[in-house]
Amino acid sequence: MTEAQQPGFSRCNNATLRRAARRLGRFYDDALAPSGLKGTQFGLLFQIQVSSEPAMGAIAEALIMD
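When we follow the numbering used here, the leftmost residue of the sequence shown carries the number 1072, and every step to the right adds one.
A couple of the hints might just be wrong.
[To be verified] Computed cross-link-like contacts, SDA-like style, restricted to lysine to any residue with a CA-CA straight-line distance of at most 20 Å: (1) K1109 - E1124; (2) K1109 - R1097; (3) K1109 - F1098; (4) K1109 - I1130; (5) K1109 - R1094; (6) K1109 - R1089; (7) K1109 - A1086; (8) K1109 - Y1099; (9) K1109 - R1082; (10) K1109 - I1119; (11) K1109 - A1131; (12) K1109 - Q1120; (13) K1109 - S1123.
Everything labelled a hint here was simulated from the structure, so no lab data went into it.
My request is simple: use the sequences and hints to build the entire structure.
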């Protein structure tokens, strides 16, 4: 079933936000492809670089990870 055939799917804010996040993630992955990094890896490395306390717990908290 396509998105157009799913009643209400395009009006669901959660689904719309998740689609946008996936598209944005693909955009960053494509932009970072020459470096061999994924967007998630770059984000983690950046957080380590700018963190005053690069401990795993502090980084996880800053990135809102479980």
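Practice task
Against the earlier hints, flag every one the structure doesn't satisfy and list their numbers going up.
Solution key: 1, 7, 9, 13
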